[in-house]
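Chemist: Take a look at the letters that make up each chain.
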Amino acid sequence: MPGTSIVEDIELIIEDIGGGGGGITPPAGGDDGGDSGRRPGPNVPPSRRYATAIVIAMISIFMFFMAMVGAFIFLRATNRNWLPLRLPSILWFNTAVLISSSVIIEMARRRLTLADVPKFRKLWSGATVLGVLFLIGQLIAWRQLVDERLYVSTTQASSFFYIFTSLHGLHLLGGVCALLFVAFRKFQNASVSRSVAAEVVSYYWHFLDGLWIFLFALLYFGK
Amino acid sequence: MRCTLFPEIPGVSPQPTSSSRRNPQRFTLPVSWRIVALDMVSYGSGGEPLDSPSPGFLAKTLFNSDHKVIGLRYLWLALGSVLFGMLLSLLMRIHLVWPAAQIPLLSDFGNTTDRYAALTLLHGSLMVFFVLTTAPQAGFGSYFLPLQIGARDMAFPALNVISFWTTAISLLGVTASFFVSPASGFTFWIGSVALFCLAALLTSLNFAVTTIDLRAKGMSLPRMPLTVWAWFINAILSLLIFSILLAACAFLLSDRLLASQYFSPLAFLAREPASSAQSTLLSLWQRLFWYFAQAEVYVAILPCFGIVSHLLSNFSRKPVWAERAAVLALCGAGVFGFCIWGQHVFSSGLNPWSPLAFSLLASSLGLPAGVLVLSWFGTLWNARIELNTSMLFALGFVSLFLSGGVTGLFLAGASFSPASIGDDFVTGHFHLVMGIAATFAILAALFFWFPKMFARQLDETLGKLHFWLTFAGVYCIFMPMHWLGLMAHSRGTTGAAAAFGPFASSLHTFVTVATILTVAAQFLFLYNFVWTLSRGKKIHDANPWRSATLEWCLSSPPPFENFGPAAPVVYRGAYEFGPYSAANVSVTPQNVAPKPPEHATRRNLAAGAFAEEK
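Those protein sequence lines, which keep their order, are chains A and B.
Take the first sequence: its position 158, counted from the start at 1, is 157 in numbering that gives the first Met the number 0, and no numbers get skipped.
Take the second sequence: its position 20, counted from the start at 1, is 19 in numbering that gives the first Met the number 0, and no numbers get skipped.
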């Protein structure tokens, strides 16, 4: 029967269009006025926007820190009177804490894929505590520098140390808030599932982890 | 051909289903949608968002997260800034030619060079940040990007609200910084610019995610209108460069507030001569700043490229000529714009080879621009052009962009640049190509989308008069400025005009008189705008320009949540004009499905032909 085949043709055309990429089409948002019921839903799951947003935001944050790193390298290279800064040794401990928090987040996410929510929550809270511990460690590092009478305004190296640590800490503080949000929010009627939220936040957390290792290496080798 | 899927208002007849039970009047939007206050669309009975009983007063006004309301607010903010900035430029010209003139109110601020510099700074930051960056991208973009891709709203409506109010606060800060003492005023200014960067970053993030993830079914990348392409590429570019400016602002702020050492010559101690330390720090700042500022030109102009391509195609009743190439050129402009920051550092000592590299890059920017110009002329070629005000402004953009672009090629040459940094030639060049051209594109967009935003149409006669006066005016202002620049006249100092003989000073007077007349002509536009808003001609046709993109399928102004749950499906590109008849050229809207009978007959014909051959 020719009529049905034409309808199929059109369906095929619609399928071929393949707009936004993602192949999975969830059922359309529930109630669509009941008119013939053939109206296709949106192309991508609504939760994908959070993953896209965090990737784009990471690119932007990366650019922000790279501008600062560029200025650091430029001044380090041109200033022949650069006064090196002895980094407080607690930074090594802080770095270890941050890396272990990243590992624990991955373990927690594995628990979540097994639908083991209580265990997930325990591990996830552990990672959050480690994040807070890192921030406290950074404050102790500042305290140690201040005790050595090294302030923001003392040398160029100390200025850079303070701006890198404070801006990274600020971003990390946002990360800690996001971790708490995922741990304690009830996801019954939210637009995203807990696993998607955990995934998005974990991207951001690993990014900040890597960023800190990079900045630490820069400050250590460029002192 | 009119839209067939959404004849008047989508879902206008609420059937007794679950959706209508929840919110009985969701889409029965009264035509009485009207602008009541300066920036507030008053919602009719159908305006309540889904799932919330009735939003409070604050949610409806201050924190209204509808992208259309926010887009309009951006436009109002830009309109206020452009008027203020224009008055400032008038002041500067008058001061330059008649330094002794006493202007009431302003004599209190003192007549020093500092104040003049502060005036220039205020003019520049208002125009660049709050007009050129805000209006075409955040203003028209917020309003029309979700509509054109068939989305209900931006990806993150709350973020949209936050970035708008951050922008508004930063506008207040930039303006207020003029009125306090220069030292603290500058700190204030930097803080406000940092806030603006933050707002621009959030807006761009929202734009990028919306374009990537919220497109309607069938809206593949090649089917996106060129406006959407331009907004998208511009959002990516903004994300990269505004974070650099934000970093630079953070350095400066921390130097000024915490006495840190980034730009301090003290850090270089005694072994270096002070002058060398100064120049190093200066060049660091220039690098950070121009990284942003050179690309900022493209941030201002990219959405205008998109808008002009769109309008030229629509009013030529022809598809965009070489559309793929035009899209690639837009991408190319974004990439090159990001890479040519070194061009402005010619005079500040990069290593000797880099001027060559950057000069090549700056010249190669002519390539995407050339492709775009070719595409515009190809679209116009042999077309049946509808010469209304919107089209006139779009053509004016092409003219201004060409004249400004030609002078830009001179500036891209490494040998010419050091001599001309900061003189009238540069001033004329960037005003023509960036400021005025972009303003023309903004006006073209305003005349084009006004019926969609307000269901009224701006007066054509007044509009055309305004166009011709402005068009003649800006050429009279900026062409003599190029001339003055070529006469190696350096900018800024008040007495310098007299030093270069009577000819230069009469040129200066000419420019100032032309400025006064051009600014006066803008009141024609203001009158037209205000009069039309209050009692202008009403448009009942949802698609008065017979355009193909999705926003024209909705009523004017579009209802809350645009398409609602019934997301449109896109079957074709944005510029399908034809068939051509003697009377007019029809257009097929993007959401019109290919007709089954046509399909069938073609297949039957093919089958018949096949049978005959046998």
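Keep in mind the hints are simulated off the structure, nothing from the lab.
All C-beta atoms in this analysis are idealised placements derived from N, C-alpha and C, irrespective of residue type, glycine included.
Careful, some of the hints might be misleading.
To be verified - Partner residues are not named here, just some residues of chain A that face chain B (Cβ under 10 Å, in silico):
id, residue
1, ALA52
2, SER59
3, PHE61
4, ALA70
5, LEU86
6, ILE89
7, TRP91
8, PHE92
9, THR153
10, SER157
11, SER158
12, CYS176
Chemist: A separate judgement is required for each hint: does it hold in the structure or not?
Modeler: To see whether the hints hold, each was checked on the structure:
no.: 1; hint: ALA52; result: holds, 5 Å
no.: 2; hint: SER59; result: holds, 5 Å
no.: 3; hint: PHE61; result: holds, 8 Å
no.: 4; hint: ALA70; result: holds, 6 Å
no.: 5; hint: LEU86; result: violated, 17 Å
no.: 6; hint: ILE89; result: violated, 22 Å
no.: 7; hint: TRP91; result: violated, 25 Å
no.: 8; hint: PHE92; result: violated, 26 Å
no.: 9; hint: THR153; result: holds, 8 Å
no.: 10; hint: SER157; result: holds, 8 Å
no.: 11; hint: SER158; result: holds, 4 Å
no.: 12; hint: CYS176; result: violated, 16 Å
The earlier numbered hints that this structure contradicts are 5, 6, 7, 8 and 12.
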